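Undergrad: Line order of the protein sequences matches chains V and C. Taking our numbering, the leading residue of the first sequence gets 236, the next gets one more, and so forth. Taking our numbering, the leading residue of the second sequence gets 108, the next gets one more, and so forth.
No wet-lab data here; the hints were simulated from the structure. A hint or two may mislead.
Rough simulated footprint, nothing fancy, chain C against chain V, three-plus residues with beta-carbon under 8 Å [said to hold, decoys possible]:
#, region
1, 285-298
2, 307-316
3, 319-327
With the C-beta cut set under 8 Å, the calculated list includes, among others, these residues of chain V facing chain C [stated by the list, open to error]:
#, residue
4, Phe335
5, Leu339
6, Pro429
Owing to the predicted nature of the structure, the values given are computational and were not obtained by experimental measurement. We put the beta carbon where it would ideally sit given N, CA and C, even for glycine.
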Amino acid sequence: MEVIIEVRNLVKRFGHKQVLRKLDFTVQKGEFVALLGSNGAGKTTLLRILSSLSKPNYGEVQIGGYYLPGQAAQVRRKLGVVSHLPLLYGDLSAEENLKFYSALYGLVDIQKNMAEILNLVGLYKRRKDLVRTFSRGMQQRLAIGRAILHDPEVLLLDEPHTGLDQDAANMLDSLLQQIATRGRTIVMTSHDFPRVANLATRFDVLYKGKIHSSKLAKDLPQHGLLEYYQSIVEEIDGGGGKHNGE
Amino acid sequence: MEEGENIMENKTSFRKAMFAIIWKDLISELRGKELISAMLVFALLVIFIFNFALELDPKTRSSLTAGILWVTIVFAGNLGLNRSMAVEKDRGCLDGLLLAPVDRTAVYFGKSIANWIFMLIVALIVLPVYSILYNTNIISPALLLIIFLGSEGYIAIGTLLATMSIQARTRDILLPILLFPVILPVLIASVKASAGILNGFPFADIQTWINLLIVYDIVFTSVAFMVFDAVVEE
Numbered sequence: 236m237e238v239i240i241e242v243r244n245l246v247k248r249f250g251h252k253q254v255l256r257k258l259d260f261t262v263q264k265g266e267f268v269a270l271l272g273s274n275g276a277g278k279t280t281l282l283r284i285l286s287s288l289s290k291p292n293y294g295e296v297q298i299g300g301y302y303l304p305g306q307a308a309q310v311r312r313k314l315g316v317v318s319h320l321p322l323l324y325g326d327l328s329a330e331e332n333l334k335f336y337s338a339l340y341g342l343v344d345i346q347k348n349m350a351e352i353l354n355l356v357g358l359y360k361r362r363k364d365l366v367r368t369f370s371r372g373m374q375q376r377l378a379i380g381r382a383i384l385h386d387p388e389v390l391l392l393d394e395p396h397t398g399l400d401q402d403a404a405n406m407l408d409s410l411l412q413q414i415a416t417r418g419r420t421i422v423m424t425s426h427d428f429p430r431v432a433n434l435a436t437r438f439d440v441l442y443k444g445k446i447h448s449s450k451l452a453k454d455l456p457q458h459g460l461l462e463y464y465q466s467i468v469e470e471i472d473g474g475g476g477k478h479n480g481e
Numbered sequence: 108m109e110e111g112e113n114i115m116e117n118k119t120s121f122r123k124a125m126f127a128i129i130w131k132d133l134i135s136e137l138r139g140k141e142l143i144s145a146m147l148v149f150a151l152l153v154i155f156i157f158n159f160a161l162e163l164d165p166k167t168r169s170s171l172t173a174g175i176l177w178v179t180i181v182f183a184g185n186l187g188l189n190r191s192m193a194v195e196k197d198r199g200c201l202d203g204l205l206l207a208p209v210d211r212t213a214v215y216f217g218k219s220i221a222n223w224i225f226m227l228i229v230a231l232i233v234l235p236v237y238s239i240l241y242n243t244n245i246i247s248p249a250l251l252l253i254i255f256l257g258s259e260g261y262i263a264i265g266t267l268l269a270t271m272s273i274q275a276r277t278r279d280i281l282l283p284i285l286l287f288p289v290i291l292p293v294l295i296a297s298v299k300a301s302a303g304i305l306n307g308f309p310f311a312d313i314q315t316w317i318n319l320l321i322v323y324d325i326v327f328t329s330v331a332f333m334v335f336d337a338v339v340e341e
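Isolated chain V, as found in the complex (with noise of 0.2 Å):
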């Protein structure tokens, strides 16, 4: 299979404090990767990083076959972002966020590939109201579509359920589903074990800045994530960033 994401010896502080440790990190194309971590692992850090908007002090990264930094502007090309805040403007409609940030990624013939992404997130009957009339999980959807708008080959996701209820989790996860299926990579970050159970293909372990245990779903056993996270974690300090298991 084809790499398509490819981090080597990343280092990240933060003053004296060292987020990220000579972190290794590969995806191959059409993966859906759950990073499993602690609060303050480096999940959100290593997300940002690979979506440009941070930059390690040092280590390599590698997208799509573009380097980081250096080559930010193709490699936020193949990118779509999804973080906890929908980064959508409250006070212009769905269509006129999704026209915005057409405009930004300088996509051209926009209303079909407009009117399929909000058929898509549900949002078409609803396209031209504002979107600070939206529930949190309608804007959750909505910076899906956002972020698929330019057809992205890798998805980066920090955290999308966070405050969603169930109805609009389960939404969501079925988007995620239906993105995964056309073949493109996700990189989701999650604390709600039982979700990205049914949702990934493979599972990371960040903990304490590094990855330090990867796991195919089809070498999981049944319902065994969250027995699967503990156990690493136990392993490296013994059991002292122990799961709570929500």
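Following the hints, complete the assembly by docking chain C onto the known chain V.
TA: Leaving out everything else, chain C in the frame of chain V:
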């Protein structure tokens, strides 16, 4: 969306991205009216307060007009700059702009031009109100030119510093602390040129101040253009 159907230009045009940001800011402001209304209310309050607090005779008043006008514009502008960048930061939209495959200076110029338009709109409303309240007509093409030039320099460096200060928790206090010392030359040149126009001095007498304003506008815009990318880098 079917695979491969999406058509993306090889390079997002600088102009297209810049105008998209200006359009977005203008539409948002037209709907929300948060920025201009805050700036305008503040500016009008400052004028009212000066009017009642100073109780000046006509001669002293005319010598202070340029100062009062620019204090009003500068403080209102500070409010506008803070608000304009807070909108981008609070919902993570600044990240959305920075994630786009576009030259980041297009983001800077888009935000700057939108802020400049808002500042000029406020100034255009403040001028007639000032004229009515102080019973003196201060509106003239020459004064409008000075406001145009002075506000450009102010916004050029103000947008850059607002982008820096927005990352801090104390952003509301940090921006004026950073901005006011830097814009002092623009403020002095603007006040002197405006005073010259309002007192009817010949153009030759104020030309030096106008030239200074033009030079500062070019310098501030160029500096902001060169360092914006570094400022938004984490």
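Undergrad: For every hint, state whether the structure bears it out.
TA: We went through each hint and held it up to the structure:
1. 285-298: holds (count 5)
2. 307-316: holds (count 6)
3. 319-327: holds (count 8)
4. Phe335: 5 Å, holds
5. Leu339: Hint on Leu339/V: holds, closest Cβ of chain C at ~4 Å, below 8 Å.
6. Pro429: Not OK, violated: Pro429/V not within 8 Å of chain C, min 27 Å.
Violated hints amount to a single one, hint 6; each of the other numbered hints is respected by the structure.
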